[in-house]
Each structure stands twice: as C-alpha cells, then as structure tokens.
Amino acid sequence: MTTDKQQDQPNQLSQVEQESGMHSVVTDWAADKEVFNMPWGKLMMWIFLLSDTFIFSIFLTSYMNVRMTTTASWPSSSEVFALTIAGHHIPLLLIAIMTFILITSSGTMAMAVNFAYRGDKSKTFWLMLATALLGASFVGMQAFEWTKLIVDEGIRPWGNPMGAPQFGSIFFMITGFHGLHVSCGVIYLAIIANKVRKGDYDKKGFHIVEITGLYWHFVDLVWVFIFAFFYLW
Amino acid sequence: MTHVAIADQIEEDHEPTGFVRKYIWSQDHKVIAIQYAITAIFVGLIALVLSGMMRLQLGFPDSFSFIDPSSYLQFVTMHGMIMVIYLLTALLLGGFGNYLIPLMVGARDMVFPYLNMLSYWTYLLAVIVLVSSFFVTGGPTGAGWTLYPPQAILQGTPGAGKGIILMLVSLAIFIVAFTMGGLNYVTTVLQARTRGMTLMRMPLTIWGIFIATILGLLAFPALLVSAIMMLFDKLLGTSFFMPAIVSLGESLEFSGGSPILFQHLFWFFGHPEVYIVALPAFGMVSDVIATHARKNIFGYRMMVWAIVAIGGLSFVVWAHHMYVSGMNPYFGFFFATTTLIIAVPTALKVYNWVLTLWKGNIHLTVPMLFAIGFIFTFTHGGLTGLWLGNVVVDLPLSDTYFVVAHFHMVMGVSPVMVLFAAIYHWYPKITGRYFHNGLGKWHFWLTFLGTYAIYLPMHYLGFLGVPRRYFAMGDSNFIPESAYSLNASISVSAIIVGVVQLIFLFNIIYSLKYGKKAPANPWGATSLEWQTPDTPPRHGNWGKTLPVVHRWAYDFSVPGAKQDFIPQSVANEDVEMNDGSTFTGHKED
Ligand code: HEM
Ligand SMILES: [Cu+2]
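Residue numbers (the working numbering), protein chains in the order written: chain L, 1 to 233; chain X, 1 to 589.
Simulated from the structure, these hints should not be mistaken for laboratory data.
Among the hints, a few may not be true.
Stated by the list, open to error - Here are the computed distance ranges between Cβ atoms for each label pair:
id : chain 1 : residue 1 : chain 2 : residue 2 : range
1  : L       : GLY154    : X       : TRP305    : 29 to 39 Å
2  : X       : ARG294    : L       : SER183    : 56 to 66 Å
3  : L       : ASN114    : X       : GLN563    : 53 to 63 Å
4  : L       : LYS195    : X       : ASN328    : 38 to 48 Å
Unchecked claim - List of simulated lysine to any residue pairs, SDA-like, C-alpha gap at most 25 Å:
id : chain 1 : residue 1 : chain 2 : residue 2
5  : X       : LYS234    : L       : SER73
6  : X       : LYS234    : L       : LEU149
7  : L       : LYS204    : L       : PHE48
8  : X       : LYS22     : X       : GLY144
9  : X       : LYS516    : X       : ILE38
10 : X       : LYS234    : L       : THR175
11 : L       : LYS42     : X       : ILE38
12 : X       : LYS234    : L       : ALA72
13 : L       : LYS42     : X       : MET200
Note that beta-carbon positions come from the ideal geometry of N, C-alpha and C, so glycine has one too.
Chain X extracted, bound-state conformation (with noise of 0.2 Å):
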C-alpha cells in the first residue's frame, strides 16, 4: 500500500473557528509558536530579574538585606537553568522550530498538529512545575545548573527538599514536552516539504533547527535518566550517585555509589545542550546575513556540513567540562583533542559568516546590527573556549569568573544576540507591522555594549582567581581592592542591560498596534515563509496551492537580474532580466 507526500495533498485544511480553539487550543503551528515564544520569554524576564538580584548582592556585598546566602544560591541555580533550558531551549526550538519549519519548507503544517499541541501544554506544565518550586518550604534547589551529587540532595543546600524534586521532575516533564515537538519537526523536515525543495536548497536556518533537535532527541535521554535516578536516591534511598558519607558526624544511609557517573551523564547531555542553542541560533543568524547583505552565503555547502559535523562531534566532547573531576589524564587527553576539533567546523562558519559579509551591500538595519554584534561575541567566547578546551589551561581557571565570562559570551549573550536578530528579522512577518527602528537601534548599541561591560572584566576577575557561584569573596588576601570596584561596576552595567530590555518589550508590544503596516516581504528575502499569500500567514500557510522551489535560497544580487533578489519560488522563466532575455540560471553556491 503507498501512501500520499504531504507535498501532494491538495485539499486545504479546515480553519478552526472560535477563539478557543484558534489561539488556545490552537494545533496551528504559528500559534503553538507564539505560544511557546511567550511563555519562554515570561520565564526568561524571571531570571533575568534573578541575574540582577545576583549582582546586586555581588557589586554592593551586604547592602541587600534580601538576598542572603541560601537565596544567592537559589538564584544562580535558578537563572543558569531557566537561561538554558526553559529560555533558549524552548525559545528557539518550540518557539522558532515551529515558526519557521512548516513555513521555509513549504508545508501546511507540522506532520502531527495534535501532538505539537501537546508539546506546548506539556511545556507549560514544566514551567509550572518549575516556578511552583519558588514557594514550596526551602525554596527551589540551590544546587547550581549542573545540580551535582551528593549535595544536591543532601541536607545543608538550599532546596534539598522539595525544591530539588521539584526540579527534577519539570526537567522529566520538559524532556516529554520537547520530544513531542522534536519528534515532529524531524519528521516535518524529512517528510513534509513541498516540491523542488531538495534538502539542499533548504535555509540554513531549517539546517540549524534540524540538527539541533536530533541533538535534543539523542542527549535528552542522559539528563532523563539521571534526574530518575537521581530521583530515586532522594525519594527511595537508593545510592546511585551517593557515596558513604558522613555528615554532622553521622554516617548517612548511603553507599557505594558514583557522583562522578552523574556527571557523565549530566554533561553527556550538556554538551550537546551547548550546541541545541547554538545551532539554530548558527542557522538563522546566517540567513539574516545573507538577506541584509544582499549576498549569498559564502560556502553554503560547507555550511551544512560543518553543522552536520558539529553535531555529531559534540557527542564526544563531554568531558572537558570534568577536567578537576579526578578522571583519567588519558581523558582528559582525549578529550581536549575532540574539543580542539570540534573548533575547526565552528571557525569555518565564523570565516564563512564574515566573508559573506565580505564586498556585500551591507544594511545596517536592527537585525543585521544583532548579527553582527552575534559575530563578535561568539568569536570572543569561542576563543577562550580554546583556552578552556586545554587541561593545563582549564585548571588553574576552572570555576572562577572567567568561565562564567566564557560561557556567557558563546552560549548565553551569542544566542540571545540571534533571538533579537530573528524576532526583529521575522516580526514582519509574525505580525504584518515594522517595529520601532529607532528603538531597536537604541536596544541594539545598548545592549551590545552593556555586555561587553558586564563580561570583559569578568575575565580579569577569573584570572585573579575571584571564584563562582560565591555569594561573596570573604577577605581573601589574593583578591585586590580593584576587584570590588571591578564588580560595582559590572553590577550596574548589568542592571541597565536588563532594564534596556524594557525598551525591547516595549517595542515589540507597542508595534503590535501601532507599527507602520509591512508589506509582505519588506527585506526583499528569498526564503518561502516571505512567499506566503498573506501577512501575517494565515491558517494552512499557503492558500489553495503550494509554492513550488526552483531554486536555492541565497540568489541575492544575481547578476543581470532586475531584483537583486530570486524568492525561491520563481522559476527561472519568469526571472526578471535587465536585457530582457531568459535567465538560463547559475550554479548554485
């Protein structure tokens, strides 16, 4: 029995009517998106408020009668998992995944928009999970984003009692949640894409997203099993992670287990989470370029392989996040090779991103501004993160403020320099109105430059040995007087970038209403989603027909033709020519 390519199905949906059932319950994929779009960034404004109370407590020590050490805790654990998973994570998967996915491949949908739905609901639950744990007794988990053995579940950190189980089980319930939507956006991507488009023409932004969520469907499974186990060892009493102890002078019921296994697995999954974020956020940050340039990508081919092949090597990079763990030196050894390696794929898309920069008709427009200042701040944390990559190296440096700037500047600061870049690139399309381009500007300059002020310095700090994760130094005598200063000074930077996001809200509200109305393809971009026969698109994406592609998605400034750009779906016939001839097409990339 065959069945039928999506590509080949002509009837168009029905469109739900009713409030409910269009924005609620919506299985629409652009609704589910905006769905997952806000719920992440209402989480994401939480720890952001939590970095600022952090500062607070680290530029002006004791000033705050608030924040004492138990609630620092609490907040770094907080802040670091909410960035990572419930933030970026859900923001750039659930939120642009299914945006763009149905919409650059040409689909009408998602292969399955009930189980996409789900996903959403099911995230929700997590996050619910997640804050409730900020008003159980003892609070949430202070245990720190890696939520290490035997402490994080021992008595004497904050949140060892419910906080800690409440964790671990939104973190399961985020896992079912984002397999729902992972499962869906590979099929889709497989699957589900409409004529002409060969895997080969698809954006490197699909290319990004795609990789990223086998990445989650494979490493996923590390953190579910550990955060079970871990689970048992607190509610059951069995000793996987927990070794003999002896806390307060009693022996503790546990025995014979292996802290270090957990970290194995928490970092089996947290290396590839690095690249979950990062790689989408590689995806549409080359596609901004791209457009606002006015030129193809530089090495489109090598593009994609290189994210192929990041994604299979970060499998196999975990442990040099272990390197103080009393592992193996040969690990180590191993391991500083496949991170040096890992490297060379990331510098090729660097170079690739700069020169197709290189000789383009560069706009300086509010996305494009993001993505460049996403080049920089990538460039500056992927550099010191050869530094960290090499034992020698990370020792001396491990734990202090200068991995705190290095991890900020490639996995925290680079993406979300992507996500301005999308939202202000896609708005348009999302919304049918411009935003506010002066304000954009303003978040823009303001932004890039606070966080150069915030982590600059942290780097200085690092080297002179100022630790993480201390909610205060003590009166350590290696630590100058300048460093106090140093910290003030980060603090108040950090407090204006956080309340510079204020305008970035503002904006994107404001515009909702009173943006001038967009046309329906206002950066003159290639890619199907600004095809659409209606902005913002509407249900089933592509009224009675699909778009058929024709060609790749970077013909920008193509010789002899009168636009200096060929959507993808114009066959070459109807290309029109300065000379009025036929365009008999070019070699793509």
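In isolation and in its complexed conformation, chain L is listed as follows (with noise of 0.2 Å):
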C-alpha cells in the first residue's frame, strides 16, 4: 500500500494532475478528499442520469419484450405514425420534425453552457430560453400526436383496432414518460435560466448550467433511443 511518506503528506496524493490515461484514472481515485475534480452537484447529476438510464433501458427492455410475446400482431409503424397532408401519406413526418426540434435545443444549451463559463449572462440567459421553448414546442408536438393517435386513430391504452392492445399502453407509457422529463426540463431551464439572468450565480459560479445541460442532452440521447425502437422498427 501507501508508504509512510505518502501518509504523512496527505496533499501529495492530489498533487499528480496532469498525467494521462489510465494512468490518471488510478491517481484519480487513489486520492483522498474527491476523485472527481468537479463540483458535487454535476457529480450527483451524473449518478442521476445513471439511475435514470436504468429506468429507460428497463422500459424499453420491457417494450421489445412485450412486442415478442405478445400474440397478436404488432401494428405497423409506417402506418401508424404518419401525416396525410394535401393527400399526400408521409410516414414519419412529424416524429422527424420532433426530432430535429430536440437535437437543435441540445444545440442551443451547449452554446449556453460555453456563454456562461465565458460570463456572458444575458448571451446565457437567451439560449437557455430558447432551449427552453424549443423543449415546450416538442412537448406540444407530443401532444399533437397522441392526440391524434386517440381521436384519428382510436388508439387507447388498453387497446387499438390494429392489433396487440401493448402497441397503445407501451406506447404511451413510454413517450409520456419521456414527455415528462422534458416537460421537467422545460421548468428546470426556466428556473436556472432566470437566476442566471438576476445574478444568483454570480459568485458561486455558472456550473448550474452544464448541470442543466446534463440533464437536458441526456433526454434528448433517449429520445433517439425511442425513436429508433418505436418509429424505426
């Protein structure tokens, strides 16, 4: 183990930072005080989000189970999902345009985030918001489509006229849950995006906001997970 010299010089142990790969990695955590030099909320935030991961994969997990055994047959995406405008059936339309509107938020908060540790509050508090109404326009779109799924569709929960009853509850169980999380953010942005702007932060540092972009690029990568299993397979 440690020699004595290392033990008495309990600081040494931190000293080392600027070795590379593995080699880091063991110096990281045979450290006292922290392994990772980061503030304890992103640290929480990451153990969040593994948490949370295991709730999605458990989800979605579920879902490929149940398509497989279910007895009757699962319904058929392209139909399902698609808008007919001016005549036209375009499969996939709107899930794309969802999408697109989610992976350009993610966008807008990296360049929040790079703003804030810049120190440019009000660059910060401007992109944070548009993250943040991007979010609110997804959510809308959601709710466009079950709409539409429920009253067009006659897809319930508890069944559908076309086919497995576990097409509607996994379905909505999964994007609703989904829906939460960024309906969650959409606050969460609001209120972080708000003190940025009063200057809470501006002692205690702009961490808040990669904190929040964390969160926020999480929900998005298992959107595209949901994506490609619901709307692809």
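Take the two lone chains, each set in its own frame, and fit them into one complex as the hints suggest.
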C-alpha cells in the first residue's frame, strides 16, 4: 500500500494531475478528499442520470419483450405514425420534425453552457430560454401526436383497432414518461435561466448551467433511442 | 472555474436553533439518521407482530378466530415487504448510512443536507401510505411480497382492490426517497472525504454502505418500472403482465401480456436487494469484529474487492428465483453457474472474519456476541443457498419451508444480528451513554438460540414438503403428525423471540436516561467517528477543524505501541511507543 512518506503528506496524493490515460484514473481514485475534479452537484447529476438510464433501459427492454411475446400482430409503424398532408401520406414526418427540434435544442443548450463559462449572462439567458421554448414546442407536438392517435386512430392504452393492445400501452407509457422528463426539463431550464439573469450565480460560478445541460442532453439522447425503437422498428 | 473541495472549506456550518429546526425539520445527517431509524424500527415492530400472528395460526391451527385464510396471506405479504424494504433497507442505509458516512469519512454533513431531509420525509410518506392500506376496505394486499401478477391484481386475492394500489404507490414513493438519500451517500463518499482519507483507507462499513447504495440506485429502477406497469394494468386495464384469462367462467379484458416479464423485472431488483441489505451488514460486522477482537481485519483489500465483486455479480444471478417459472433450461444453467460463482467472494469474506478472530484478543461484549452470532447464521443460510442455487435441488424444495428457513437465516436474521451489533456498538457514540450490559447479553442469548429453535426445524419441514404461504396444511397424508408438534414448538419459540425484543427496546430507551455516561471512545476504536470533539457529536461534527487521516482504520495491537489501537487521525510522530522511539509506520494490510 502507501508508503509512510505519502501517509504524512496526504496532499501529495492529489498533486499529480497532469498525467494522462489509465495512470491519471488510478491517481484520481487513489487520492484523498475527492475522486472527480468537479462540483458535487455535477457528480450527483451524473449518478442520477445513470440511475435514470436504468429506468429507461428497463422500459425499453420491457417494450421489446412485450412486443415479441404478445400474441396479436404489432401495428405497422409507417402507417400509424404517418401524417396525411394535402392528400399525401407521409410517414414519420411529424417525428422527424420533433427529433430535429430536440436535437437543435441540444445545440442551443451547448452554446448556453459555453457562454455561461465565459460569463456572458445575457447570451446564456437567451440561449437557455430558446432551449426551453424548443423543448416546450416538442411537448406541444407530442400532445398533437397523442391527440391524433387517440382521436383519429382510436388507439387507447388498453387496446386499439390495429392489433396488439400492448402497442398503445407501451407507446403512451414510454413516450409519456419521456415527455414528463422534457416538461420537467423545460421548467428546470426556465428557473435556472431566470436565476442566471438575476445574477444569483455570479459568486458561486456557473456550473449549474452545465448541470442543467447534462440533464437536457440526456433527455435528448433517450429520445434518440425511443425514436429508433418505436418509429424505425 | 475551479471549485473548492469540502475538506478545504474551513468555515463551520451555522447551527440551527430552536426545537423544530433542530429535531424535526432538521438537515443534520445525525438527526435524519435517528428519524429514519425510529420510523424503521416502528414499522419493523408491526412486521414482527404480523409474524407472531402467522405463527399462532401455524402452530395452533384454527384456535384464533381473528386469523382467516385471507388475513393470513395479508400478514405474510406485509410482513415480508415491511421487513425487507421498510425496515432493513431503511434502517441500514437511511439510518446507519446517514449517521456513519459523514462521521467516518470526516465530513461535516452530507453534501446536500436539504435533499437528505426531503429523503426522510418522503420515506415517512411511503410508510404512511403503506400502513394506511391496513385500514382501507379489503385490507392490504395478500399477493405475497413478490406481488406476482396475474393474481396480485385479480379478484379473489385479498386486497386486490385498494390494497395492491397502495402497496405499489408506496413502493414508488419509497424509491423516490431512496434515490434522494442514495445520491447523497454516493456523492459524499466520492467527493467529501477529509484530508488523507483515500478510498482504500475507508472503514469497511463505508465500503459496504457505498456499494449497497450504488446497487440500490441501479436496481430500484426495475421495481419502479414494474410498479408503474402493474398500476397501469390495474387502473387503466392495460395488459403488460396480464395474459388472456378466464375467471369464474368469464373471460377478462386482458390479453397477450407476459407474467414472466414481471418476474424478471422483480428479481432484477429483488436479488440485488438481498445485497443491499447484506453489504452494509458485511461492512459493519467487519468493523465490530476488528474492534472487539483488537486485531486488524484480515485481508482488508480482499474484503473491499469482495464487496465490489459481490455487488457486480449480484446483477447477473436474478433468475435463480425463477427456476420453476418455466423459463428456458439453458437460462437455469447460466444462472446456477453465476450463483455458485458469487459464493466465492462471499465465502472469502466469511473466512476473513473467522481469521480476524483467530488469535485475536476477543472481548465478548454485547456487540461482539451479535457479530459472532452473525457469522453462524450467515454461514448457515449461505450453505443452504448453495443448495438452492442448483436447479435440480431447488425444484423439489422450491416454495417449501426449506426456502423460508434459508432466506430467513441469510437475509432475515443475519442482517438483524448485525443491526443489533451495530446499535449496541455505536450506542455510546450516538447517545453518550452505555447501554445495560446484562440486559444486552440476555437479549443476545435468547435471540440467538431462539432463532435456531425457529429456523432449524423449518429446514426439516421443507424436506417433508410443507409448502410456504399456506394458511393450513389440510389433511395431506405426506405430512406426518410430528410436523404439527414441530410447528407448535416453532411458534412458541417465535413468540418468545418476539417478546424478547422488548428487552432490547427497554434497554435502549432506559439507558438513554439512566445509562452510565460513556467516554468518547469506549471501545478503543480507530475510525474517525470515535474521535469527535463532542460525544454525541454536535452539528458540524468536528468543531473548528476537520480531522486529518494518517492511516487505515485497522491499526489494532500494533507491536511496540503503548496503546492497543492507533486512531486514524493520529500521525506517526504522535504515536506513543513503549521504548520512547518514533513509530515509523508499517505496511497496511
Ligand atoms: C422473529 C422473527 C421472524 C419470524 C417469526 C418470521 C416468520 C415468518 C413466517 C411465519 C413467514 C410466512 C411463511 C409462509 O407462510 O410462507 C415469513 C415470511 C417471510 N419473512 Fe419472516 N419472520 C421473521 C423475521 C423476518 C425478517 C427479519 C425478515 C427480513 C428479511 C423476514 C422476511 C420474510 C419474507 C421476505 C417472507 C416471505 C413473505 C412471502 O412469502 O411473501 N422475516 N416470516
Ligand atoms: Cu437471489
């Protein structure tokens, strides 16, 4: 283990910082005080997201399981999720737009983080607000999609005219759970953006913007998986 | 922009004043820990009374009119669920995790005290929702603690109306509470240690709690998701877990769901849950044994890696609970293999505990007695676990009293033994007073021997084929007359063991006021929580300056040193040697 010299100078353990690769990982984990050079809030968000990843993975695994074991046939995604515009049947149009919006919002978020660390509060505020608005429009379009599925196609959580009842159940459950995440994110963004504008973080530093960003990117990433599993399979 | 590590922040927290801020809406980890502990022990007593009622029925069938078949099932279910989740998980992590983490790693508090406070109040809400199910029409659910669908939500199962809904909602709330606490515990261990406290100098208690919390953060999601899906099946009429069913000649609305999916999800949570209660117990018992045997823990690094390995492996053994579910036999082969592999690090830990005792200077204090009792019960339950891990052995024994005996030994009695050891061990620090030693010894011997009187015969009942979760055995002719007298004797022992716990309650309450005043470090322990300036530790734990750690937590009976222990916070120069020389340290582990 450690030699006595090190024992009496605990600070030395954390001094070696410029090394790279595997070695620096080992140094970080062998150090005292802290393992990661980041604020607690950020680490806590990472751990929370890890836990949340398990939630979504289990949702999606359950979806795959249910889809493979159910006895009735699974409705065809290119038909259920199509929009009819001016008489043309365009599959996946709405979803393509929704996905585009969400990915754009990740871009504005990344810019917000960048400006936050440069200390440009007003740009940060507007970019976060833009992110929140894009998120809100995503939720709005999801509401539109749900309405169409429920009213026009007669899909319900407990059954639908096209086939396996699990289609509606799992679709509403998972997209609903994701939509809830987006909605919480919108509120979270709005609150933090406002606090940034008011100057609440001038002293503490702007890590919180990055932490909010982590959450937001995660929600986007999850959407990519949901998109792939529901709309492309 | 850089940030300041907690160990480098000098200013002390401002201590809250006023009774309410100090003891009710408290953000102090020690107060929150005690709130968790009191709540958990309270529901635990409910679960204990329920087990007594079940034993009354089993030992003396049909003598008690207030127990009918449905209420029996409700007692089984609530007993199991409360014991596993609301008592053990909450007391080990919410109680001891909260109390010990900041003290043992040398922090002033958890990193987010406010979130920590919310965690407790959310847990309390979960408990209230759970207990309220005793008072709704239809009573609590009787589906068994595994809540298997389809029967859990169908007419005919007790509590299939409101009871099951309240149970699922309560579990979901509990998971939220656990997550808030758990994020705090993990972040505190990773980021808020004091100077000199490297991960490999942490006491094993912290390692056990740390890894168990990570398991919880990754395993509870499966329970949350399955609770949500079952709630939808119940409330919206979806068919996630519900196949097409004909009930009382009528076909129900469900079709095409997969009950097996629920079993997979449940046990993906359920098996790690076993280790969520076992790992903190492993950790705490290691520290109790080392301290009271005045010897360094044998193979510290091995112990740490065993905890990590068990934690990792516990995610790939879940289907050993499902050998009889009709899954693919190749799965059975895979899960039997992983189950036997996980026995390796587990056995290693048992060997190391025994080797720590070997040639130690064993003080048979009350905590030590419970710790040694744990080694017995855990080895015992672990060995029957090896049997049940093998498919061919499990098939005939599945759902018999052999299983009941196995899991009570390994995850019922063993963690409870450690909890008692831990409560007695840390009692002088938490309260500043000694517990009554004589009463403690009575409590140990009656509990330990009583445990064997209860569970040893159950193994035999299991061999006879007596099924678990049965209200009565009926007139099955494969069950001999002797099984009935055995059952009566088990029940008498169970009632005695239940009543004996009153000694414990009396002891901890009585000693609070009348116990002898305890010094700061009555056991001569090395870890940081015993080196606080005040006993019980005050808000902020460390007074003006944080302690600095110079060594691991197991410097007991160091050759040449005057005292038989060197606290972690003592530097080599400050160690008093018999010959007046300077201590030059030695290899840790
Ligand atoms: C004096 C102590 C205890 C007694 C007398 C006792 C007794 C019982 C009895 C009679 C049953 C029902 C068996 C059946 O009909 O199938 C049972 C089930 C159970 N007990 Fe205990 N128990 C005790 C402590 C504990 C503890 C500390 C735990 C913590 C893990 C625990 C966990 C369980 C579980 C998980 C079940 C299964 C419930 C189910 O089948 O759904 N018990 N216990
Ligand atoms: Cu298991």
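These are the hints, each one checked on the structure:
no.	hint	verdict
1	GLY154/L with TRP305/X: 29 to 39 Å	violated (57 Å)
2	ARG294/X with SER183/L: 56 to 66 Å	holds (58 Å)
3	ASN114/L with GLN563/X: 53 to 63 Å	holds (57 Å)
4	LYS195/L with ASN328/X: 38 to 48 Å	violated (54 Å)
5	LYS234/X with SER73/L	holds (23 Å)
6	LYS234/X with LEU149/L	holds (23 Å)
7	LYS204/L with PHE48/L	holds (22 Å)
8	LYS22/X with GLY144/X	violated (40 Å)
9	LYS516/X with ILE38/X	holds (22 Å)
10	LYS234/X with THR175/L	holds (20 Å)
11	LYS42/L with ILE38/X	violated (32 Å)
12	LYS234/X with ALA72/L	holds (21 Å)
13	LYS42/L with MET200/X	holds (24 Å)
Of the numbered hints given earlier, the model fails hints 1, 4, 8, 11; all others are met.
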